[in-house]
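Visitor: Residue numbers (our numbering), protein chains in the order written: chain V, 1 to 477; chain D, 1 to 433.
Hints are computed from structural coordinates only; laboratory data are not their basis. Since we're looking at a predicted model, the values are computed, not measured. Please note that the accuracy of each hint is not assured.
Far from chain D by the CB rule (all over 10 Å, computed), these chain V residues [to be verified]:
{"hint": "1", "residue": "5"}
{"hint": "2", "residue": "97"}
{"hint": "3", "residue": "220"}
{"hint": "4", "residue": "410"}
Per the computed footprint, the stretches of chain D lying under chain V, defined by three or more beta-carbons under 8 Å from a beta-carbon of chain V, are [to be verified]:
{"hint": "5", "stretch": "81-92"}
{"hint": "6", "stretch": "223-233"}
{"hint": "7", "stretch": "392-402"}
Backbone N, C-alpha and C define an ideal beta-carbon position, used for all residues, glycine too.
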Amino acid sequence: MISKTAIEQLIEKLGAENVASEKEDLLVLGYDSTPGIHCLPEVAVYPTSREGVLAAMEIAGREGLPIVPRGSGTGLSGGSVPVKGGMVLCLNRMNRILEIDEENLTATCEAGVITLDLFNATAARGLFYPPDPGSQKISTLGGNVMEDAGGLRGLKYGVTRDYVMALQCVLPDGSLLTTGGKSVKDVAGYAFKDLLVGSEGTLGIITEITVKLIPPPQAKRTILAYFDDIRAAGEAVSKIIAAKIIPSTMEIMDKATINCVEDYVKIGLPRQMAALLLIEVDGHPAMVEEDAQKVDLILRQVKAAQIHIAKDAEEAGKLAAARRTALSALARVSPTTLLEDATVPRSMLAETFAEIERLTAKYKLTVGTFGHAGDGNLHPTVLCDERNAEEMQRAHAFYDDLYDKVLAWGGTVSGEHGIGLAKKEYLARQIGAGGVKVMKRIKNAFDPKGMLNPGKIFSDDDPSTQSQVEEGFCVSH
Amino acid sequence: MSRTKEKLGNFTQLDAPKYEDVLQCMRCGFCLPTCPTFALTGRERSSPRGRVALARAVAEQKLEFTDAVKQEAFFCLDCRACTTACPSGVRAGEVMEICRSQSHQQVPLGHVGNSFRKFILQRMLPDPELMERSMLPARLYQRLGIQWLVRHSKALKLGPAWMEKAEGMLPELKAPLRPQLPVITEAVGEKRGRIGFFLGCVMTLMYPDVSRQTVRVLAYQGFDVVTPRATKCCGAPHLSEGDRQTARELALFNLDLFLQADVDYIVTDCAGCGAALKEYEELLDGETEHERLASFRAKVRDVSEFLTEVGLRTGGLKPVQKSVTYHEPCHLCHAQSISRQPRDLIQQIPGVELREMEEASWCCGSAATWGLKFSEESRQVLDRKLDNVRKTEAEILVTANPGCQLQLAWGVRERDLPVQVLHIMELLGEATP
Ligand SMILES: Cc1cc2nc3c(=O)[nH]c(=O)nc-3n(C[C@H](O)[C@H](O)[C@H](O)COP(=O)(O)OP(=O)(O)OC[C@H]3O[C@@H](n4cnc5c(N)ncnc54)[C@H](O)[C@@H]3O)c2cc1C
Ligand code: SF4
Ligand code: SF4
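So that you can see chain V by itself, here it is in the shape it has in the complex:
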């Protein structure tokens, strides 16, 4: 348990308003958006500068407290959950955009800046920061970097990793590491930056991020296609890509998702359709025109039931916003929404849908599927009730079977949400024991004492770090 002196020291270094140790404060920093996981930290700090981060880490080190970094807690694999108690280090008060450099096309900001705030600030200067996870209104840049978040525009513009140019971070031993910079090329030594991206807060605390910006597309066109059969939607995606068209967005929602989203947004989505694809093409106006025509042709070939073109930017914006609510809207139906992040080579999409359908029937579950179809990244979501142990077992069996297939097809167990607590077993299945061993060696090089976000990505053979599906505090004092 954390000592009183340590709390006093934290208050002295960070200010009383930036230290929380009341149970009511701690209790609400023990979860993220992953269902069924809830732990209780011993103290929480909200540093407002890199010095504050350093001071908090020093005190935690002295006290032997695990340190768990937290952005906005929208993670979907339990990454910011203090599974071994300790100190939650909240970065959401480090939220200044420090510079938008129009000569080098970069932006530099603190780790707690909200993704959409950065997008808006750069857009105001005529520039474009593409990564746009569904959670962009809430998630922090630090969280995005640590999970290598994707988004609706991933198909054409890539994911967070593709935009990170430099990172400033504090390592567990208190040393500062700056990696990368504004130069577009950099091969000096090991690529620390690339190692840090997607490391889920297990290697260092990111304090500052420099990202690449690009000029925004001149024109876009948003197309909505409805299907009587979800497999036809999968086919459409594969065919569009095979036709060498790269839309910026190609998102899918199945019937269950369409209905939940419509219940919330009420914009007239057709409830009886089996699936919809939200497709956006952008770029030079002539190119957009041509691509849109080709997409339209393919949609007709695969017998889309209806094709609708958004009449203006406002309607397009509404459709994208509706899609972003998919996961939360599915939660209307049941208390627990267990979602996965399977990603397959895009040519296998239709098969994946068929497999999801088959397993849904086999395990008698209600499943809503949506996702970044253009990336082959699907989120089949089981709508269940965590109080029903038997149903939860069926849900887990569903994912077990599904991942067997996904891995056999050369896919991955996580396209964008990370491993965290929730998917450790699946990771071992994907990369094997040898792979996990190497990862542990890397972790050890950065964090020999295992202070930083312990229990994530792989287990250190301690039973308390096994995946926590049961509700109830796992660790406390």
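Go by the hints and put chain D with the ligands onto chain V.
Guide: Quick look at chain D with the ligands alone, frame taken from chain V:
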């Protein structure tokens, strides 16, 4: 959400949140950027997601109903912005409203505070005549009115700087409207129907001229307007202070009164009353026959909602050559999902130019007695609002709720902004011959 049958965790049996309602939150955080208290503090426990998690922890016996939970219940503005934002259908504001009732059961006030509170909620507000009498000295001597508040400040748990603010906020008080308004005001021109006008307490006491306009506008629009003299407080202050029992008694009374009045619609010009009236069905669930509740609910309309629905008669309206910006009351846009209708009305007034402000649906910081309890926080919320108002350079700031009007008018005076604050019915009244 009214009464649970089984006791839930560390809640008491009477008026506890339902477990289903707190489980519904999947913790996505979509509500975070819309919550004024989270914007003020950056503290998870003062966010909708955090508040629901606290309630859930109490339900799951991971936490007692502590003083801090009570604080969060009252620090919540009950602005319901989180309800609008939540794709999962969670109603964090309402969960907190119910927790306020738990507060009084579980964290009792001292004896003196409690009896004052009881006096105001259970004697004063339910009795329109008593209320008018006690406001009488306030009208004669506005300072005396302040003294009245001073005497009762403990009971209302007001914040340190509330007095100066309350004094500044009070509009020039005129004679209450209730005894003056005819029980029936007849329709002008071709008659379109008969409506019951629900005259709220704050409207009759503080804004008699506004509701006078409302009745005049409704009559001009072709409706016989029935204003039952016996109307009692809608119960909103009781819900907000956590006295659900008195709220139920008032609701039952008003329900009978308006059902007997045999009207086609029940219309109010107070967003707070409208939201409360629409919740009677839930509040009185099990207390009276369902058909009566449903029939009452089917008739209730906010005045903007009503006029847009039946269609505004624009023939004969006089032009108002003014630029107008519109502030959405939380209890209209978030609690009743009425957002488009007031704008439609404003735009139908000849001559008016509507200028949208940024964040029109962000709370103004009034929120019942919240603005007096947390005067510093309230000022910060108000500043954010007034900055957005100022940027529009509109001549008139229109709203549709007396609480907002008090707060905005006060803020505008304090800051010396060149903008006139009006209720939407005053604007429409200006255009009505
Ligand atoms: C409704 C919804 C939609 C979503 N849509 C998408 C989507 O389209 N694409 C996608 O990829 N993800 C999506 N997500 C998942 C999630 O939003 C992302 O993973 C996001 O990047 C997390 O950001 P955060 O700030 O909330 O981080 P948190 O959840 O707080 O943390 C995530 C991880 O990063 C670590 N961390 C956070 N900040 C730092 C820091 N400064 N230094 C070191 N470590 C840190 C934490 O320890 C944790 O391991 C969605 C989530 C929700 C709820
Ligand atoms: S209240 Fe709604 S929007 Fe907020 S976290 Fe819960 S589910 Fe998400
Ligand atoms: S009602 Fe308003 S103040 Fe209360 S939690 Fe919801 S958004 Fe925040």
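Visitor: Next step is simple, just say for each hint if it's right about the structure.
Guide: How the hints compare with the structure:
no.: 1; hint: 5; verdict: holds (24 Å)
no.: 2; hint: 97; verdict: holds (16 Å)
no.: 3; hint: 220; verdict: holds (24 Å)
no.: 4; hint: 410; verdict: holds (31 Å)
no.: 5; hint: 81-92; verdict: holds (count 4)
no.: 6; hint: 223-233; verdict: violated (count 0)
no.: 7; hint: 392-402; verdict: violated (count 0)
Figure legend: structure checked against the earlier numbered hints; hints not met, in rising order: 6, 7.
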